[in-house]
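First to last, the protein sequences are chains A and B.
For the first sequence, counting from 1, position 181 maps to 708 in this note's numbering; every step adds exactly one.
For the second sequence, counting from 1, position 271 maps to 278 in this note's numbering; every step adds exactly one.
Since the hints were made in silico from the structure, they are not lab data.
It cannot be assumed that every hint is accurate.
[Unchecked claim] Here are the simulated SDA-like cross-link-like pairs (lysine to any residue), alpha carbons at most 20 Å apart as the crow flies:
| id | chain 1 | residue 1 | chain 2 | residue 2 |
| --- | --- | --- | --- | --- |
| 1 | A | Lys818 | B | Asp135 |
| 2 | A | Lys620 | B | Leu247 |
| 3 | A | Lys818 | B | Phe14 |
| 4 | A | Lys620 | B | Leu123 |
[Unchecked claim] Between beta-carbon pairs, the in silico distance windows are:
| id | chain 1 | residue 1 | chain 2 | residue 2 | range |
| --- | --- | --- | --- | --- | --- |
| 5 | B | Phe285 | A | Ser931 | 52 to 58 Å |
| 6 | A | Ala925 | B | Pro97 | 57 to 63 Å |
| 7 | A | Asp942 | B | Phe170 | 54 to 60 Å |
| 8 | B | Gly133 | A | Gly709 | 31 to 37 Å |
| 9 | B | Leu16 | A | Glu923 | 55 to 61 Å |
| 10 | B | Phe277 | A | Ala658 | 31 to 37 Å |
| 11 | B | Leu158 | A | Arg741 | 36 to 42 Å |
| 12 | B | Ala166 | A | Gly633 | 56 to 62 Å |
| 13 | B | Cys155 | A | Ser931 | 53 to 59 Å |
| 14 | A | Glu713 | B | Glu270 | 26 to 32 Å |
| 15 | A | Lys714 | B | Ala166 | 54 to 60 Å |
| 16 | A | Gly654 | B | Leu16 | 43 to 49 Å |
| 17 | B | Ala166 | A | Gly654 | 33 to 39 Å |
Where is the CB? At the ideal position from N, CA and C, for every residue including glycine.
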Amino acid sequence: MQTRGTPRRGLLQAGAGLGLAATVPAQPRAQTAPARGGDPLRIGVMTDLSGPFAGAGSVPLFNGAEVAIALFNERGGVDGRPVAAVSADSQSKADVAINEAERLLGQEGLEVVTGIYSSAHAVPLSGRFEAARKMMWITSAIATAVLKDKHFRYVFRPTVHSDQYAEGTVSVVAENAQKRLGMAPEKVKLAVIYEDGPYGTGVSTAIEANAKKRNMPLVLKEAYSATTPDLSTLVTKLRRERPDIVYQVGYNPDITLFLRQARSGGLRFRMLFGHGAGWSQIDKLWDTFGKDIQYFCNADPAATQMLDWEKLQPGVGDLARTFVERYSAKHQVRDLPPHASMGFNNTWIFLEHVLKPAVRKSGGMTAEALREAALQVDIPLGGTIQGYGVKFEPPESAMAGQNSRSICVVMQFRDGKSHVIWPSQIGQEPVLPLPPENPYALRS
Amino acid sequence: MGLLDPFLLEALVNGILLGGVFALPALGLNLVFGVVDVVWLCYAELVMVGMYAVWFLHTQAGWPLALAFAACLPVVALLGVLLHLLVVRPLLNSPPINQVLATGGVLFVLQGAATLVFSTEFRSLGVDMPPMEVGEVFVSGTKLAAFCAALLGAAILWAFLKFTYVGTAIRAIARDREVMPLMGVDPRRIYLIASAVGGALAGLAACLLVVQLDVHPFVGLSFGPITFMICVMGGLGNMLGGFLAAFLMGLIISVGGFWGTTEFSYVVAFAFFILVMFLRPQGLFAR
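Kindly produce the complete structure, drawing on both the sequences and the hints.
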């Protein structure tokens, strides 16, 4: 039988590593390959290895980064100098994230911290890093508000931002409304429910703006706490409004709670779209709901195995293959979650395209040198294992530090795996609406 | 929108059923506090352990669900006894803040232990009952069954406290901790029994919650804080008060969410709680 998710031993090691990291300065955790000489280059890796976010994608994010660092070291690091990761567990709590950041910057004296799963953490941390003039390299947290109009100079995000999620999930409906739903887009009723942190708020605001742009009616937009014990009243209200499309932006306990209560509350719709985080943990969702979530959709940066590696830039497909083989061998999952690819890819971009040139140019590793190197990164489309290119917005831009070439895709669950359906140029034909045998399908 | 609006009716039913979710933990917490005079800050984590026990026995060990439920109660009751013997009893004469901090420490120990043993994965029992459909009103079969079981559990507890010698002793100790030892009641034994019963109630709550929520080490965050609020609102140590306050809170959250928003309903619930603390600091139903 396959084991899924984080093996207990791995988590024990992570916990032990965290304990050490809290008490012993500079304990490298994610460095697994032998050093070939020279002082290690120490970087922080902060994710949520405990608390609700751990099960909503933060652990695969960490595991992906771990593979990237090990592979980078195996390939010689930076001219023989290995990378040593100092890990920190933000425990799904913003106050812990802030304290851990203080430890990494102060006690550990690090110049850069990578990772950061949650936007709720990224918002307060980004200001702190900017003030300290240390680099924050966000590999997951997607809220647009983290960067918008901030003009940060030391905060970089190679991954997508929340506006792109909404662009994808609203576009799928608008582009397919007439052909597959038999309705003009202006007649398709939308509803969005979301966790009330910066992540949910950012995506839902973008959904509202996208719907408005296309004259699509939004019949309900409502927030809830991700730790709420009950969503049945929200289900009742959704049923009253009779939306055709339900958008949910959630982590994990709230997603499963909603799906259960939606079913027992008689809620039906033509399609449901998730937006990353818990919705990207396809193995877990499939184990819990099986065929009930067949053809449900989700938006996130593509997990690398969804792409045609032959179409990526030369050498990138091989890197993707190596990553998938190593990750699968260690963690044994049916379908790698996008967060695993995000952890690997965005850490790899940092190591290969920022750290390496910065160290080579300056001889050391300062946040200033890293920042300058980051602004020089120019990776074309298809140049990373998630398909997107990399070019960061300059400080004068409203989205300073954001990768302007990042791409969000919309995928659909089919028999326990995710398949890209949007952008339509690279995606498969979507199944829309839900077929009548689906227990959530709207009865016509 | 009249009172016969089926959606409002559904929200009312949801509120009552939600009250059933909160009622059992509130009952157990109040029983222990009323008798032992120590707040088990880790009570929601005892429920979490019980949920894991059911999940493990049913999905991993292959036990029938009914048997896993039956085993959960003594397991958590034993945990309650151990908590009393190892943590609470040595601190019985300590300042209340020490007792709260100690049981708060157990909360983190249990969360950490669950993370190490079961990882941070969300575990699902995969059990669901079909909903009941009355006109346009949908009632969750799972929640209704849990609600009935909660009422049954509360009735059995009431009968135990009312009609048995030990139950009478428990009530007597809860009323006057100083005098009862003079009348031949051994408080140490009663404390132990109350802890076991409090643990068993946490076990029963676990059985009802595990069919509604995914199990993970931090599941207690979903209902723990609000359970404490309910206990204080009903009158800390007052079992009937806590039980009734649970349904009141469930209704406020559900109907408030229906008329306003989900977030607004919690604002209303907490505002109501603060108001009660101003007007009746001893609790709504305290005598």
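These are the hints, each one checked on the structure:
Of the pairs offered as hints, the one joining Lys818 of chain A and Asp135 of chain B holds, with about 15 Å between alpha carbons and a cut-off of 20 Å not exceeded. Proposed proximity of Lys620 of chain A and Leu247 of chain B is contradicted: the alpha carbons are some 35 Å apart, above 20 Å. Distance hint between Lys818 of chain A and Phe14 of chain B is unfulfilled; the C-alpha atoms sit about 29 Å from each other, more than 20 Å. The suggested pairing of Lys620 of chain A with Leu123 of chain B holds, with an alpha-carbon distance near 19 Å, which does not exceed 20 Å.
Against the hinted window of 52 to 58 Å, the Cβ-Cβ separation of Phe285 of chain B and Ser931 of chain A comes to about 54 Å, which satisfies the hint. A hinted range of 57 to 63 Å holds for the C-beta pair Ala925 of chain A and Pro97 of chain B, which are about 60 Å apart. The hinted window of 54 to 60 Å between Asp942 of chain A and Phe170 of chain B holds, with their beta carbons roughly 57 Å apart. For Gly133 of chain B and Gly709 of chain A, the hinted distance range of 31 to 37 Å is satisfied, since their beta carbons lie about 36 Å from each other.
Distance hint check: the CB atoms of Leu16 of chain B and Glu923 of chain A are about 57 Å apart, consistent with the given range 55 to 61 Å. Between Phe277 of chain B and Ala658 of chain A the C-beta distance comes to about 34 Å, which sits within the given range of 31 to 37 Å. Between Leu158 of chain B and Arg741 of chain A the CB atoms are about 50 Å apart, so this pair departs from the stated range of 36 to 42 Å. The beta-carbon spacing between Ala166 of chain B and Gly633 of chain A, approximately 60 Å, falls within the hinted interval of 56 to 62 Å.
Taken as a hint, the range 53 to 59 Å holds for the pair Cys155 of chain B and Ser931 of chain A, whose Cβ atoms sit roughly 57 Å apart. At roughly 30 Å, the beta-carbon separation of Glu713 of chain A and Glu270 of chain B lies within the given 26 to 32 Å, and the hint holds. A hinted range of 54 to 60 Å holds for the C-beta pair Lys714 of chain A and Ala166 of chain B, which are about 59 Å apart. A beta carbon spacing of about 48 Å between Gly654 of chain A and Leu16 of chain B agrees with the range 43 to 49 Å that was offered as a hint.
About 59 Å separates the C-beta atoms of Ala166 of chain B and Gly654 of chain A, a value inconsistent with the hinted range of 33 to 39 Å.
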